[in-house]
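Protein chains: 2
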Amino acid sequence: MAFTTNATINTMGGKLLKLSHQSSTTGTAMNLNLFIPPGASSSAKAPVLIYLSGLTCTPDNVSEKGFLHAHAAPLGLALLFPDTSPRGLDLPGEHESWDFGSAASFYIDASREPWAAHYRMQSYLTTELPGLVFQNFPELDSGRVSISGHSMGGHGALTLYLKNPGMYKSVSAWAPISNPTQCPWGEKAFTGYLGEDREEWKKHDATELVKGWKGPLNGLIDVGTGDNFYKQKQLLPENFEKAAKDAGVDGLEVRYQEGYDHSYYFISTFGADHVKHAAKFLGLL
Amino acid sequence: MAFTTNATINTMGGKLLKLSHQSSTTGTAMNLNLFIPPGASSSAKAPVLIYLSGLTCTPDNVSEKGFLHAHAAPLGLALLFPDTSPRGLDLPGEHESWDFGSAASFYIDASREPWAAHYRMQSYLTTELPGLVFQNFPELDSGRVSISGHSMGGHGALTLYLKNPGMYKSVSAWAPISNPTQCPWGEKAFTGYLGEDREEWKKHDATELVKGWKGPLNGLIDVGTGDNFYKQKQLLPENFEKAAKDAGVDGLEVRYQEGYDHSYYFISTFGADHVKHAAKFLGLL
Numbered sequence: 005m006a007f008t009t010n011a012t013i014n015t016m017g018g019k020l021l022k023l024s025h026q027s028s029t030t031g032t033a034m035n036l037n038l039f040i041p042p043g044a045s046s047s048a049k050a051p052v053l054i055y056l057s058g059l060t061c062t063p064d065n066v067s068e069k070g071f072l073h074a075h076a077a078p079l080g081l082a083l084l085f086p087d088t089s090p091r092g093l094d095l096p097g098e099h100e101s102w103d104f105g106s107a108a109s110f111y112i113d114a115s116r117e118p119w120a121a122h123y124r125m126q127s128y129l130t131t132e133l134p135g136l137v138f139q140n141f142p143e144l145d146s147g148r149v150s151i152s153g154h155s156m157g158g159h160g161a162l163t164l165y166l167k168n169p170g171m172y173k174s175v176s177a178w179a180p181i182s183n184p185t186q187c188p189w190g191e192k193a194f195t196g197y198l199g200e201d202r203e204e205w206k207k208h209d210a211t212e213l214v215k216g217w218k219g220p221l222n223g224l225i226d227v228g229t230g231d232n233f234y235k236q237k238q239l240l241p242e243n244f245e246k247a248a249k250d251a252g253v254d255g256l257e258v259r260y261q262e263g264y265d266h267s268y269y270f271i272s273t274f275g276a277d278h279v280k281h282a283a284k285f286l287g288l289l
Numbered sequence: 005m006a007f008t009t010n011a012t013i014n015t016m017g018g019k020l021l022k023l024s025h026q027s028s029t030t031g032t033a034m035n036l037n038l039f040i041p042p043g044a045s046s047s048a049k050a051p052v053l054i055y056l057s058g059l060t061c062t063p064d065n066v067s068e069k070g071f072l073h074a075h076a077a078p079l080g081l082a083l084l085f086p087d088t089s090p091r092g093l094d095l096p097g098e099h100e101s102w103d104f105g106s107a108a109s110f111y112i113d114a115s116r117e118p119w120a121a122h123y124r125m126q127s128y129l130t131t132e133l134p135g136l137v138f139q140n141f142p143e144l145d146s147g148r149v150s151i152s153g154h155s156m157g158g159h160g161a162l163t164l165y166l167k168n169p170g171m172y173k174s175v176s177a178w179a180p181i182s183n184p185t186q187c188p189w190g191e192k193a194f195t196g197y198l199g200e201d202r203e204e205w206k207k208h209d210a211t212e213l214v215k216g217w218k219g220p221l222n223g224l225i226d227v228g229t230g231d232n233f234y235k236q237k238q239l240l241p242e243n244f245e246k247a248a249k250d251a252g253v254d255g256l257e258v259r260y261q262e263g264y265d266h267s268y269y270f271i272s273t274f275g276a277d278h279v280k281h282a283a284k285f286l287g288l289l
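Chains as they are written, first to last, in the numbering used here: chain R, 5 to 289; chain G, 5 to 289.
Just so you know, these hints were derived from the structure itself, not from any lab. Please note that a few of the clues may not be correct.
For identical chains, the list gives no copy identity; a pair is met inside one copy or between any two copies.
As a list, the in silico DMTMM-like pairs of lysine to aspartate or glutamate whose alpha-carbon atoms are at most 25 Å apart [as the list claims (entries may be wrong)]:
#	residue 1	residue 2
1	Lys22	Glu242
2	Lys19	Glu262
3	Lys206	Asp254
4	Lys235	Asp250
5	Lys218	Asp250
6	Lys249	Asp201
7	Lys49	Glu262
Take the sequences, apply the hints, and build the full model.
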């Protein structure tokens, strides 16, 4: 077993596993949580919904507060909750701000030092992690995977989906950072991880990437109108929606939820819809 | 308004209010959370389920992790989450241990000093708090109230229910401290709050109190068999069950949930059942 099992928790009739492993991609230990629904087995494999968390979070926040597993369990859907960055390093400035460095990887492969050697979350999430998970958990179906995320994790979900056609069956996001080249969070992160070349940044911006998408998007986005980060124009979902429309990309539903904020109260309220969205494209509904 | 509203959060179609007020019973500020379901109004009043939290908790833990409001919202049930002790004092020893003093009131009126002047949670919960809540929130129905709780809060729910026939329509508990005069947690708390007289302790022990109950109990209890506190005999639900049976009290269901622990993963898994149990006796189902 490539993973160390730090906890096994009975919940909703299934099992939540708190796992860690040594990653060759990041050169660090990595944490993740995995929810295995009741009834999953090597002969009845469960499809997987990946959820990427937002700034400051660990895999535990969504496990405790997102309540996605309550909806996934009866459908037979597994949930994979990766961490938001490598852990255990002490790079210069890594822990100084909550929106850069630890818990703020932005799910890209950094090209600038000192980040480039470790902050390789795009490669980790698309290659090493699924390889290890499907090798070690034969009750999970490597051919049926969807992706989702919140805030920075919504950016991660949209961009990994758009960069890797065919890898995921659907995408959804709560309050995603939808146009990071145009907002303060994205400008800070991309400058730090990628340098000053704004053309390079566009390769990691969902609003830029969607312009080249072929076929329906199979996408769902929820944004709360009471979300302070939305009001501060850190999220810019309208830009993503407009770019998709202008490019003739259909299969995208963007919903503005009256008065909802940026918290797990918002995530959990619409969690059933996001789980069902994935389940539909994963052949469970 | 007797309450200060510190936050109003949209969730599950209703509102979660984080409230505080100055209590004349405890002589301190007190915190509570209140979930108001969609559609509640002074002409369509919502019944209320009180949930008493366990050791170390505040009203926020269950609000974030218990997920009871997801099940209460569609039924039109309000949820009241009081705090676990007075706050803001600095009595000798109050903050030294996690199972006595702050966040560990055991929901009784203390008779020993220095606790007696402030640790009056039984009076607070049965008189002052409901008085203020129903006066300030006309959308709540003072005539339809049930009570529930977890661990120390399960002890609180069972004992307040048994001490006050007719005050609540039903009772439920997750992993309750069911026989505190016979377990280390209870012995420590009762010695500290009440003194050495074990006869006095019995007035605050559900297993003793149930012997005098008349009529059906309208009670539901869940206990996880993987709960370390259950294994350590801090909970002793079998003693409560046997005392009820020996006294001829029916209307009690005690369920042992295979492999479940003491955490909010356990609470949330069986939350739907506890909400439905209350809803049935509150006339919602």
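Unmet hints by their number, sorted upward, for this structure: 1, 6
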